[in-house]
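When you read off a place in the sequence shown, starting at 1, and then add 3, the result is the number in the numbering used here.
No wet-lab data here; the hints were simulated from the structure. Just so you know, not all the hints are guaranteed correct.
[Unchecked claim] Straight-line Cα separation of at most 30 Å, BS3-like style, residue types lysine-lysine; simulated pairs:
1) Lys105 <-> Lys226
2) Lys105 <-> Lys248
3) Lys127 <-> Lys111
4) Lys127 <-> Lys105
5) Lys127 <-> Lys248
[Unchecked claim] Simulated restraints on C-beta separations:
6) Arg18 <-> Arg313: 25 to 35 Å
7) Phe189 <-> Ala243: 47 to 57 Å
8) Leu276 <-> Ser133: 51 to 61 Å
9) Ala243 <-> Pro184: 36 to 46 Å
10) Leu177 <-> Pro74: 26 to 36 Å
Ideal Cβ placement from N, Cα and C applies to all residues, glycine included.
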Amino acid sequence: MAEPDGGTQAAAGARPAARWLAALARLPRAAMAWAVAAPLLAGLLLLPQAWWLARVLGGSVAGSGPAAAGPWIAAIGGMVALRAAIAWSGERAASRAAETIKSWLRRKLFAAMLSRGPQWTRQKASGELSSLVIEQVEALDGYFSRYLPGAIAAVFLPLAFGLVLLPVDWIVALIALLSAPLIPVFMALVGWGAEAASRRHQLAMARLSGFFADRVRGAQTLKLLGRAESETAAVGAASADLSRKTMAVLRIAFLSSAVLEFFAALGVAGVALYVGLGYLGYLHLRSEALGLPLGLFCLLMAPEIYNPLRQFAANYHDRAAARAAVDCLAAVFGALPDPRRRRAPAAGPAASAAQSLPEHEAARVTCEQAPRPEAFQPEALSTGASLRAAAGTTGAPYAAGGSSAESPSGNEQAAPRPLAVEVRGACLQVPGRAQPVLCDLSWSLAPGASLALMGHSGAGKTTLLEALAGLRPLDTGAILLDGRGLDIWPADELRRAVTLIGQRPFVLPGSVADNLRVADPAATAEDLLGALDAACAGEFVRALPQGMDTQLGLQGYGLSGGQLQRLALARLFLTRPGLILLDEPTASLDPHSRDRVMDNVLRFAAGRTLIVATHDPEVSARLDGSLVLPQGGGQA
């Protein structure tokens, strides 16, 4: 059975990719314009160079002395230097244009990954994503730096050379103009297979990148489970599959080159045979004899007619590789960045502008009213005694050991304004779940109040926190912070106003101090230690070989999950948010450490809005209210 991704499908999917690549080429207009014009100009200057050389050679055969040939030789040398300079500048411009396009595209892809949030990136292999942003984008380089200028030259230069030869000798022009078009025709036939092979090659490369990165990341676990040898063999099999697909692409590339050379050799040999037989007197197709300079000019120009086509064929695989890369990018990202929109409008986490919000009755969560199913009726789940912060008030920034008028990093910024939170008819479906995680959820929280999110595992607590932070768009409904929908909050303002500490904190390659300064690059060592102590992390950090300068391994290798969670919590005390979102901040702590951490969190959260997802009734009891999410996406 034939493979489904053959030439027909390659041709069917080529047009959208070609249009998108053409739009990308318009980004660096000046550089790309010169990159395309330089080969044309250098090729046209070849005409006077070849004519001067034919005259010099004809004069030498006729007996002209060196004095007569001297000026012509100097002119030829100058023309060679000029053409070389033009070609060099064109290649530089093409390289700059390709770098501009790749840089723009990588920024857009990074922005797309950030805008889609963690729920999207969790579904993708990190190695596959890095391969897309690095290798697949790099595969576009040859298209813009070599193929596109070469394709324009291959279209116009052979035709121009043929038209110039037409008044010189119509037989030579006819041979060239009949043989040259056969080359792109047969190359197109070969090219369909090349594009399909390149697509398979790109997919195999992306698969191997993700496959290898995941196995390296889990090498210790595989070793403990006794799966190291089998996974090593699987990586070897994936590598061998990539090698086979690479050789398939190379075979097609060599075949296309052989097709070109065959027809180019036929054309040049035909011109040489015609001119030679004419000089020997065996052919009399002209009304008058062909002069030596004219014959030499025809012989010099014959290979140059096919040279642009030869360069085009050499770079033809760049086109197939680029289109295959575009297909891979589109398969993962869906909608590709629009090159016609150089600047994206400042917008919040949702792509759309302000929209009308559906009206739902919002159940206000207060100390007296907290919806709970029957399974969550123990007295331990009752709310706190009173609100710790009145609506609209601001509190002093946290400092280790008590409250202070100064922030931990010494910032002189104004105290943050607590945010009011309102959820209206929120519904959210996640991949792999038959029912929505959240369905018709409505509630509100006064600014400066605190709330515990309760519920069984899988009820949607983490999902709701990510939605509140703008990392996960709702399917229906709306989330309002201070009366503004998340879709109209500017992204940078939202990131400053909301801090989310998740269950699986991200750890950068670097020292403990580097990871803390993600929250506040200007924080001093004293600020960092105060934040660590507030998160009950100071003791184990001081016990590390180099303290805060200790380098952390990949994904925080060397620290336990609980230590990483406390390290991430320490970042909270270096920020100044109006809304704090914590996901199981005390899950891995003993009761004494839990109470210490909650004391510091509540002190820091004074004058801020706080929402904590937790299973611990002791934590819930210390907050102003609680909201229990039902299992299975029902109404709350």
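Exercise. Out of the numbered hints, which ones does the structure contradict?
Worked result: 1 and 7
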